[in-house]
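Undergrad: Protein chains in written order, with the numbering used here: chain A, 2 to 149; chain B, 4 to 129.
List time: in silico DSSO-like cross-link candidates among lysine-lysine, alpha-carbon distance up to 27 Å:
hint	chain 1	residue 1	chain 2	residue 2
1	B	Lys102	B	Lys57
2	B	Lys57	B	Lys106
3	A	Lys6	B	Lys106
4	A	Lys25	A	Lys93
5	B	Lys32	A	Lys6
6	A	Lys93	A	Lys29
7	B	Lys106	B	Lys32
8	B	Lys32	B	Lys57
9	B	Lys102	A	Lys6
10	B	Lys102	A	Lys126
11	A	Lys126	B	Lys106
12	A	Lys6	A	Lys126
13	B	Lys32	B	Lys102
14	A	Lys126	B	Lys32
15	A	Lys126	B	Lys57
Distance windows between CB atoms, simulated:
hint	chain 1	residue 1	chain 2	residue 2	range
16	B	Ala14	A	Arg120	31 to 39 Å
17	A	Lys93	B	Asp110	32 to 40 Å
18	B	Ser55	A	Cys113	35 to 43 Å
19	A	Ile56	B	Ser6	36 to 44 Å
20	B	Ala42	A	Phe95	31 to 39 Å
21	B	Asp81	A	Arg5	38 to 46 Å
22	B	Leu84	A	Lys126	39 to 47 Å
23	B	Lys106	A	Gly32	46 to 54 Å
What the hints contain is simulated information worked out from the structure, not anything from laboratory work.
Even glycine gets a Cβ: it sits at the ideal position worked out from N, Cα and C.
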Amino acid sequence: MTLRKYLVLLAVMLFGGAGDVLLKRGMKDFGPVDLHNLPHLVSALANPWILIGIICLTGFFASYLTALSWADLTYVLPATAMGYVVIAVLSKYFLQEHISEWRWAGILLISCGVGWVTRGPALTKRESSKAIIPEALISENQEQHEIA
Amino acid sequence: MKSLELWSAIALMVLASSAGDVILSSAMKRIGDLGELRARHGLVAVITRVISDKQFLLALTCMTLAFFSLLTALSWGDASLVAPASASLTFLVSAVMAKVFLKEDVDRRRWVSAALVCIGVALLTQ
Numbered sequence: 002m003t004l005r006k007y008l009v010l011l012a013v014m015l016f017g018g019a020g021d022v023l024l025k026r027g028m029k030d031f032g033p034v035d036l037h038n039l040p041h042l043v044s045a046l047a048n049p050w051i052l053i054g055i056i057c058l059t060g061f062f063a064s065y066l067t068a069l070s071w072a073d074l075t076y077v078l079p080a081t082a083m084g085y086v087v088i089a090v091l092s093k094y095f096l097q098e099h100i101s102e103w104r105w106a107g108i109l110l111i112s113c114g115v116g117w118v119t120r121g122p123a124l125t126k127r128e129s130s131k132a133i134i135p136e137a138l139i140s141e142n143q144e145q146h147e148i149a
Numbered sequence: 004m005k006s007l008e009l010w011s012a013i014a015l016m017v018l019a020s021s022a023g024d025v026i027l028s029s030a031m032k033r034i035g036d037l038g039e040l041r042a043r044h045g046l047v048a049v050i051t052r053v054i055s056d057k058q059f060l061l062a063l064t065c066m067t068l069a070f071f072s073l074l075t076a077l078s079w080g081d082a083s084l085v086a087p088a089s090a091s092l093t094f095l096v097s098a099v100m101a102k103v104f105l106k107e108d109v110d111r112r113r114w115v116s117a118a119l120v121c122i123g124v125a126l127l128t129q
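In isolation and in its complexed conformation, chain B is listed as follows (with noise of 0.2 Å):
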């Protein structure tokens, strides 16, 4: 039982930080590039309409959400074993959800690259 809490807590993290990411990344590309819009209309003009977009503070939430969820998740399991698990599956379903929800075209040479960095984080945590 308390393995099916601990693993619920890694899932929750790895959804909630992986929604994060892919919503933020949707934002981002929704505001513009944040280089020229600053050469455009200043620093404090980005600053604001990136804090005040519906999409950003949704992505903030869920990564809040991760946050505590590993913090969770820690204090249920090892952090050799929580740590490098959350991490890795993280890079995975990030990758997935860029391919379905943002429509990122992940060619192979990005799946690769995804499965190596996953492995590489694994291999830290040792």
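The shape of chain A in the complex, shown without the other chains (with noise of 0.2 Å):
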């Protein structure tokens, strides 16, 4: 694992909670969302906050993809729930929300279970692993390196 990819999964985990909470933040200033009007939601997309909310989180979905390119499922998921625990932590210290006892202890599990396995290895051992990209995608002035 190099800090490049230790980044990706940070970013995994910051994106992810933060959007959310920034999405929960401009609908707490849009308010009740009305079923039986449902167009009117699209005007939600002018409030900044959701708007910073939705660029976090098609940088989470980047990420995401980005980390399971190079890492198991079984290893990226858990990060994906540490996203639980910057939601936790925005939501007291940003939204100002009540974090009971029994969310401090889910809070302290799922770090204890992101630390176990992020020290494990990321990939399984396979044969072989190639990339591919269609030749009609790559420019000929395009320098090629040899995959690591």
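With the hints as a guide, bring both chains together as one complex.
TA: Encoded structure:
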């Protein structure tokens, strides 16, 4: 595991948690959703908190895909669960929500689980793995490097 | 009867979500390390490669099905039951599916981790 890969996992945790909290913050301004007037929901996109939340969740999905491209699913999933911890901490200090003792216990367990799994190998050993990109997408001028 | 419908919706959500994750993981392994691919071919080529992958689109379909199953389950049952049940079960079912279909080496470390996260998620909703 290189520093870059740890940073991708960190991005999965932070973007996922921050995105959800920012959406919640934006929806607080927006108010309750009326199921009989769903098109009204589109106007929520004008809220800056919601826009930043969507950008964060896009960052989450991009970093999640990147992590899955070099690590096992059973390695990446606990890291995504760490997003719940980020949500709880941000909810307490940013949204001023109350966190019960049960939730702190849950945060502790998730942190232990993530810490435990990230100390192990990220990828199951295979005979070979090859990156595939159609030749048509490869520019002739681009420099070719060997896959590490 | 209502309980059966509720648990069917939760089961569908868990299965669709886990299947989506497993298919997505398989697709991304086949495509290769996105960081290296971006360095070699550029961001546009990588995005084009990912969104034109049939497995990736199938995974998105599963995730969409999971999302609507979750919405259905939430409309039938309490969020305090549906949210922890679906999130915790998804962790366990995904681990089992990853071992069976992706042949991942789910050793004791990963099982313990999945169990801790599973219980932790359930506690978070208390």
